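Engineer: When you get a sec, could you build the whole thing from the sequences and use the hints?
Number of protein chains: 2
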Amino acid sequence: MRDSHIDALVEIVGERRCLWQPNQVRAYACDGYTAESGLPRAVVFPESTDEVAQICRYLYEHEIPYLPRGAGTGLSGGATPTGGQVVINLARMNRLLAVDFANLRAIVQPGLVNLTLTRRIAHEDCYYAPDPSSQSVCTIGGNFAENAGGSHCLKYGVTTNHIVAAKVVLPDGSVIDVGAPFGDAPGYDLLGLLVGSEGTLGIATEITVRILKKPQSLRTALAYFDRVADASDTVTDIIVAGIIPAAIEMMDQLAMQAVDKSNYHVGYPNDIEAVLLIEVDGLTAGVDDVMERVVELCRKHHVREVRVAQSDGERALWWSSRKMAFGAMGRLSPDYIVQDGVIPRTRLTEVLQKIEGISRRYGLRIANVFHAGDGNLHPLVLYDSRVPGEAERAVRAGSEVLRACVDAGGSITGEHGVGIEKIGEMAYMFSEDELQVQRAVKACFDGKGIVNAGKLIPLPGRCVEVKHAREIIDDHWQILNSFPDQAEVQVRAARAEKTAAKPTTSVQG
Amino acid sequence: MRDSHIDALVEIVGERRCLWQPNQVRAYACDGYTAESGLPRAVVFPESTDEVAQICRYLYEHEIPYLPRGAGTGLSGGATPTGGQVVINLARMNRLLAVDFANLRAIVQPGLVNLTLTRRIAHEDCYYAPDPSSQSVCTIGGNFAENAGGSHCLKYGVTTNHIVAAKVVLPDGSVIDVGAPFGDAPGYDLLGLLVGSEGTLGIATEITVRILKKPQSLRTALAYFDRVADASDTVTDIIVAGIIPAAIEMMDQLAMQAVDKSNYHVGYPNDIEAVLLIEVDGLTAGVDDVMERVVELCRKHHVREVRVAQSDGERALWWSSRKMAFGAMGRLSPDYIVQDGVIPRTRLTEVLQKIEGISRRYGLRIANVFHAGDGNLHPLVLYDSRVPGEAERAVRAGSEVLRACVDAGGSITGEHGVGIEKIGEMAYMFSEDELQVQRAVKACFDGKGIVNAGKLIPLPGRCVEVKHAREIIDDHWQILNSFPDQAEVQVRAARAEKTAAKPTTSVQG
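Top to bottom, those sequences are chains A and B. With the first letter of the first sequence counted as 1, position 99 gets the number 184 in this note's numbering; the numbers rise by one all the way through. With the first letter of the second sequence counted as 1, position 83 gets the number 168 in this note's numbering; the numbers rise by one all the way through.
Check the hints yourself; a few may be wrong.
Said to hold, decoys possible - Computed list of lysine to aspartate or glutamate pairs in EDC-like fashion (alpha-carbon distance at most 20 Å, straight line):
1. A:Lys299 - B:Asp374
2. B:Lys298 - A:Glu148
3. B:Lys385 - B:Asp322
4. A:Lys298 - B:Asp322
5. A:Lys299 - A:Asp366
6. B:Lys298 - A:Asp374
7. A:Lys298 - B:Glu381
8. B:Lys385 - B:Glu399
9. B:Lys346 - B:Glu399
10. B:Lys240 - B:Glu377
11. B:Lys299 - A:Asp374
These are computed hints drawn from the structure, not numbers from a lab. Since the model is a prediction, treat every value here as computed from it, not as a measurement.
Structural biologist: Next comes the structure, spelled out in structure tokens:
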């Protein structure tokens, strides 16, 4: 309904950049997490920091809930209005503002598409490293909000490692700069706090990122394993050997089936349990030797076949088949939920077995596609929403998978964020004291609690879980509290071979 | 004076671990920044998280100011009591609690010495990467508080990149876990906020760090340059070529003189302006080729002589001469102040010229020793405290050097922290609005404002500066606000050669 608040927003951005009619705003009712949605009160399209600040100032003063939105590709509901909020859509703020090639920095507006940045700096052999699967459509602002990852995070780190400074509009509309383009900024790391805060603490309107020189060379290998455990041990051994590949991706049999049924016809054997896609990069001198060592380690762990890509075309096919794995699930099932848990690398086999158990118990197939080098799993729970009760069962199965990750000493998210989707699991990872500190930080920025409220940090009422994940983590580490003497402490060296499938080393007195 | 509060502390830790007599506590009146000091009310030595929590709870309840202390090697006064505080000394909490070699993680107590950690995991070819010059005595807890750096941060990052989780005692004595041993922790990045917070937000009592496998091989080169500008251009060119050396260190003539007068006799030529110490590491296959390219780039920029270390002994000598440069200043001057500013790499020559001007104007010699690859300068202002007024002049000269760094688009600290020393410069870098957000964060953790108060974040009264560094940074970037059309935006490719000694590229409509 058009009211005085809509008038006020129109005053700031003009009629054309303020949508409020239900048929216009319906497209903004959810992001890539489609399980929940709500109609926004209005959607505004600012074109400058000043417009964003004016909008926020007005809304905050009038206590009208609002949230920011990028391309809406998020997978956890971070950009989903739960109903009645104003959506601040940053899509029109999509300019590359400045590039400093000599010092490897660029300043972008939040609506700039991730891959567009890389394309616009490619003529100087530069690129932007974080590469979520959605990189051809998702925005740097959205990546900032969700602390997005990607296949190459193993070597290069997630978004927070690539953002060095930002201009930020705070909930009340005031504007501050955080971080420092060169050198760590002194004072509290507000930039680090804002990255991954899912739009709950402020809106970045100018983002200074680190850009990288493209590696001179890369080599990509595809390795077929009869047994998941062997693939998993190979991953651990590569890392323990001191090799840091640009990426190590794994898919299980079900995921391979889906991919082979789609347009990306790699021709995976039908009877293998796992495929590894391993990429190493760096200066030309050296990459062949590194790849040779990787191949050796695959052989040590009984690889059935391992091939190194002989052309850019072959490499591109392998990568496409991996990056399109989520989409390919449509060949196997009308619906699926993608999960996003992290575990210690060495516990891969054990957790995959647990996931198999969950799959059996719920009578739902679960495909596994993941960033194996980081221990970042993406189990895909397949279901059919037309079958009554199956969607709910899938959600419950997904939730159990996440808890299995936490129980192994891991985390409920590697790169997709918490949003609405995983807010119930936050209390499984954190104690009530810990959540209270999170809430205090939120209140410190947004005293009225109206900016993307109900995302990321559960409100006190929502904490239904009592289990505290830290006990599990302590258990994983087996910290012993009674050392007789520092000098007598012995480090029991855990060789990778011994620990690949069981709890890891501890120190004993 | 022994009073009921001392009794209460003794109750927690026992008589032996609570010092309160002036002659006992005098040793804790300052840290490595000796310009200010104050007598602590007491110094307590807890041995467990629980004891730390009890101490904090008692002090917070009774509103008795306190601060934590590691080895006291900090260079900015972070561990200096300004008078009357209780010092919580973590020296006795120095155990290595657990190591997980397969997943490359270790859990340590805050009092564990940096180099001791590396030594205790060396038998598995592992090490802890951040390597401040004080690494043989400074503690991981102190590194955590100051977000310490080191020579190898160019490739490996500073402390915040190597700490993944921590158990933290908050100002009021409550205990929370922050971060996640595996995967980024969901929610706000409280761990990132705590690292570098200089003991003002809480005390880490268990720290989980990333450990690394030692690089298989390394090559180290020493390069003599007639002109600083050539050395500086070489550094930029190496990075722009896509090479990331483990370290690139630079010393100027005055620093070389000091070192050659001390026990580390490298034999630097008398008439060169700069020496570069360049180290590359990685798998054996490849390092020689990388070093060859580095040598080529040195030659391109008129290096007078460049040598690659032929033995571990030679490499060790070169490194010692660099690491002991601060100490060697004693050969040239009875006193010195070491500064710690960061600048964009490409503006090295220009800033060094400014520093020379400052040196001339104040009539004080300034030696330059720095992490050139990171643009992290350590100008050493030499003075004689016996000459009336010279100490004050040195402080003012140091402050001007920092401002020159900020004016070049940099920062007032790379790795030494703000502490007491640079608190006046915070208002030169940040606007009052930005400092207010910092104060709000502080208040969110420490509502009573009694934990290491007066460090890091200036209290409102202390902001005497009006200049706002961000304007300078915007100027450096030359961001233009009136692009006619995104499609027309042209990225003017800044080649390193052109920009090495002048302001960098911008985008224009």
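Engineer: Determine for every hint whether it applies to the structure shown.
Structural biologist: Hint check results:
no., hint, in the structure
1, A:Lys299 - B:Asp374, "holds, 18 Å"
2, B:Lys298 - A:Glu148, "violated, 53 Å"
3, B:Lys385 - B:Asp322, "holds, 10 Å"
4, A:Lys298 - B:Asp322, "holds, 12 Å"
5, A:Lys299 - A:Asp366, "holds, 9 Å"
6, B:Lys298 - A:Asp374, "holds, 18 Å"
7, A:Lys298 - B:Glu381, "holds, 19 Å"
8, B:Lys385 - B:Glu399, "violated, 25 Å"
9, B:Lys346 - B:Glu399, "holds, 18 Å"
10, B:Lys240 - B:Glu377, "holds, 19 Å"
11, B:Lys299 - A:Asp374, "holds, 18 Å"
Hints 2 and 8, counting from the list given before, are not met by this structure.
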